[in-house]
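Protein chains in written order, with the numbering used here: chain A, 20 to 183; chain B, 562 to 1009.
Hints were generated in silico from the structure; no laboratory data involved.
Note that beta-carbon positions come from the ideal geometry of N, C-alpha and C, so glycine has one too.
Be a bit skeptical, because a hint or two may be false.
Keeping only pairs whose Cα atoms sit at most 30 Å apart, straight-line, the calculated DSS-like set for lysine-lysine is [to be verified]:
hint, chain 1, residue 1, chain 2, residue 2
1, B, K833, A, K69
2, B, K780, A, K69
3, B, K819, A, K141
4, B, K819, A, K140
5, A, K87, B, K727
6, A, K82, A, K25
7, B, K708, A, K66
8, A, K82, B, K832
9, B, K823, A, K66
10, A, K62, B, K708
11, B, K823, A, K102
12, A, K62, B, K819
13, A, K66, B, K780
14, A, K82, B, K727
15, B, K780, B, K708
16, A, K152, B, K780
17, A, K140, B, K780
18, B, K863, A, K62
19, B, K793, A, K82
20, A, K69, A, K42
21, A, K87, B, K823
22, B, K860, A, K102
23, B, K824, A, K69
24, A, K102, B, K824
25, A, K152, B, K819
26, B, K727, A, K102
27, B, K819, A, K102
28, B, K793, A, K69
Computed far set for chain B versus chain A, every beta-carbon distance over 10 Å [to be verified]:
hint, residue
29, V628
30, K647
31, P654
32, A704
33, N740
34, N749
35, H750
36, E787
37, K833
38, Q961
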Amino acid sequence: MRTLYKIPILLLILCVALVSCKKDVIATYDVNDVDIEDKSLIKDRSKSNKQFISILYTTLHQKAISSKELVRTERVIESFGDKALINEVIVSNYMNNGEVVLPSNDEMRGNLDSFVTVTYKKFFVRIPTEIEKAFFVNYIESNPNITPELVYTAFASCDEFQFY
Amino acid sequence: MKRREFIKKAGLTAAGGVAFPYILPSGRLFAKTNAELADHVVYVLFAGGVRQQESVLQQYLSGSQGVDIGGNIMYNMLNGTPPDRKIVYGTTPAGEPIGSLPIPKVLSTSLQSQGLLFPEVESVNGGHYGGLTSLLTGNRSTAQGLKVRPNTPTIFEYLRRHRGFKASDVWFVGSGIGNSFPLLNSSNHQSYGTNYGANFVAPGITFGNEGVDILSNAKSYHPQEELEPIYKMRAFLNNSFRIKNGEVDGIRNGEDEKANIKKFVEEVFAKKSMGALARSPVSGAGDLQTLSYAAEVLKYFKPKMLVVNLTNVDGCHSNFSGYLRSLHRADHGVGWLWNYIQQEIPEMSGKTVMMATPECGRNLNPNPIQDENDWYAYDHSGDYNTSRVWSLMAGPNVPQNMVVGSESNRVGRTTDNVLTIAEIFGIKDAVLGAGFMDPTAKSLFDQI
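The following block holds chain A by itself, in its conformation from the complex (with noise of 0.2 Å):
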């Protein structure tokens, strides 16, 4: 009888165990893919000459220019009214000191949406759109002439790469 008393209790208490515990369900959590280079990344601030100099030379070189070397340089641009000439003039004394780091003609032609992309990464900061990818693909490949010398060319003496 004292058995029989307790037999409830027990199915009560499996009841309320059954119904509580519960397995921990283990929850994770992603990101979704998003691209974070800006296609249309506001530029509106001029370089200073010194920034300039220093960005020009880290992406011509991939190493930092000397502070003495800085320094001149930026006499040098200072000493012409003209600064988008002398900066072509300096770009071009870069490209024929033999030291800048390029891709080879074939590397540039063996896959020109990456080098396009890569470009863009490279002296913009950006990834380009459809319409400026389409551009130079078809000007490359229709054009055997160019080498990437001459594009690097381009893209350090044009007006954004005066910009951040």
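With chain A fixed as given, assemble chain B onto it according to the hints.
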């Protein structure tokens, strides 16, 4: 068309015509207003701070050191006999005292005899930058800050906007990049500004050791096979990233002009390496070097307007004897440049007006610094003597052997020069109409 509609449209058209002046294809806002007096102007900012006593007054040492020796040490520019004793202003032959050999005259007839001298002119600003700004803007520049472009348009901008000159028609050859000199090739005025500025070059740097290392090894690209694609790709990039006027500091030349200037830079480096640069008989660093490169710019571009800035006489702050030497050398260089234009540049010979004016004078009383001859140095801190300068001009349609004003009769201001150049190029009324000139400024031609 109904009568009411016709009247409305005719009224709007007339109002538009009044409100918006006709802009000529060249970018000029108004047609030129009077006849030109010369094809070219070379404007020497005879700067650094020049005392009247050692220049036009020809007092040599008597007006400064209490030594009773007078004489003219600027005998290419001014009439007068040189000092006969205590010669320190010349060159230094080996083993001889410093400055003991005067530089021989390069002009058989002085610029004063060939032209017009205003011996007592008011400098409206006693500092270098303010003084130079006034010489280039025709404005008193009282609110002009340092390290910023002039607030009001420069003569370069007036000439480019109202006379339609290209960027490579107007040059400013500076003595260096300090003291904000590179900012003087254009104002920051919204309606003018760098779009109408002059090409600036500080040749001591551009073509000096730094320039040789950084610029002289430029690649020569093939015009069609290499340069053309570069320009096409860059044009596409620039079209995709349109910048607004004034967003990039500095002036901009057209593509043709750029190609020409690059050729000039190459040519100058080549001439330099061959020792074939134009040079005055006595040459060297500083002002004479600046004048030498100014001559190269003149020879190559035959610009409508070239301004060259001298500065060495400012050594007077600490060395009076050095100041005398700099003054003598500057006179030598200016005389040589005038000869060079007449003899070596046929396109400019007889068609060029040269003007020279110091931007400010120097104090009447010395500071305590003495040089190797125990002579005292002079600053320019704003006394009356600092406001005393002179103006000299020569060339076609400039009266010869004429002096206007005297020590007791001041005639002219440093702000007059811009209007004078504007008159030479036929745009005086347009410049006056722009409304930025010193209200008291007058063309020097109107003060004869």
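Verification of the supplied hints:
{"no.": "1", "hint": "B:K833 x A:K69", "verdict": "holds, 28 Å"}
{"no.": "2", "hint": "B:K780 x A:K69", "verdict": "holds, 23 Å"}
{"no.": "3", "hint": "B:K819 x A:K141", "verdict": "holds, 26 Å"}
{"no.": "4", "hint": "B:K819 x A:K140", "verdict": "holds, 28 Å"}
{"no.": "5", "hint": "A:K87 x B:K727", "verdict": "violated, 36 Å"}
{"no.": "6", "hint": "A:K82 x A:K25", "verdict": "violated, 83 Å"}
{"no.": "7", "hint": "B:K708 x A:K66", "verdict": "holds, 18 Å"}
{"no.": "8", "hint": "A:K82 x B:K832", "verdict": "violated, 34 Å"}
{"no.": "9", "hint": "B:K823 x A:K66", "verdict": "holds, 23 Å"}
{"no.": "10", "hint": "A:K62 x B:K708", "verdict": "holds, 25 Å"}
{"no.": "11", "hint": "B:K823 x A:K102", "verdict": "holds, 13 Å"}
{"no.": "12", "hint": "A:K62 x B:K819", "verdict": "holds, 26 Å"}
{"no.": "13", "hint": "A:K66 x B:K780", "verdict": "holds, 25 Å"}
{"no.": "14", "hint": "A:K82 x B:K727", "verdict": "violated, 39 Å"}
{"no.": "15", "hint": "B:K780 x B:K708", "verdict": "violated, 34 Å"}
{"no.": "16", "hint": "A:K152 x B:K780", "verdict": "holds, 28 Å"}
{"no.": "17", "hint": "A:K140 x B:K780", "verdict": "holds, 26 Å"}
{"no.": "18", "hint": "B:K863 x A:K62", "verdict": "violated, 39 Å"}
{"no.": "19", "hint": "B:K793 x A:K82", "verdict": "holds, 29 Å"}
{"no.": "20", "hint": "A:K69 x A:K42", "verdict": "violated, 62 Å"}
{"no.": "21", "hint": "A:K87 x B:K823", "verdict": "holds, 25 Å"}
{"no.": "22", "hint": "B:K860 x A:K102", "verdict": "holds, 23 Å"}
{"no.": "23", "hint": "B:K824 x A:K69", "verdict": "holds, 26 Å"}
{"no.": "24", "hint": "A:K102 x B:K824", "verdict": "holds, 16 Å"}
{"no.": "25", "hint": "A:K152 x B:K819", "verdict": "holds, 28 Å"}
{"no.": "26", "hint": "B:K727 x A:K102", "verdict": "holds, 17 Å"}
{"no.": "27", "hint": "B:K819 x A:K102", "verdict": "holds, 11 Å"}
{"no.": "28", "hint": "B:K793 x A:K69", "verdict": "holds, 28 Å"}
{"no.": "29", "hint": "V628", "verdict": "holds, 41 Å"}
{"no.": "30", "hint": "K647", "verdict": "holds, 39 Å"}
{"no.": "31", "hint": "P654", "verdict": "holds, 34 Å"}
{"no.": "32", "hint": "A704", "verdict": "holds, 24 Å"}
{"no.": "33", "hint": "N740", "verdict": "holds, 12 Å"}
{"no.": "34", "hint": "N749", "verdict": "holds, 14 Å"}
{"no.": "35", "hint": "H750", "verdict": "holds, 17 Å"}
{"no.": "36", "hint": "E787", "verdict": "violated, 6 Å"}
{"no.": "37", "hint": "K833", "verdict": "holds, 15 Å"}
{"no.": "38", "hint": "Q961", "verdict": "holds, 35 Å"}
Going down the numbered hints, you'll see the structure goes against 5, 6, 8, 14, 15, 18, 20 and 36, while the others check out.
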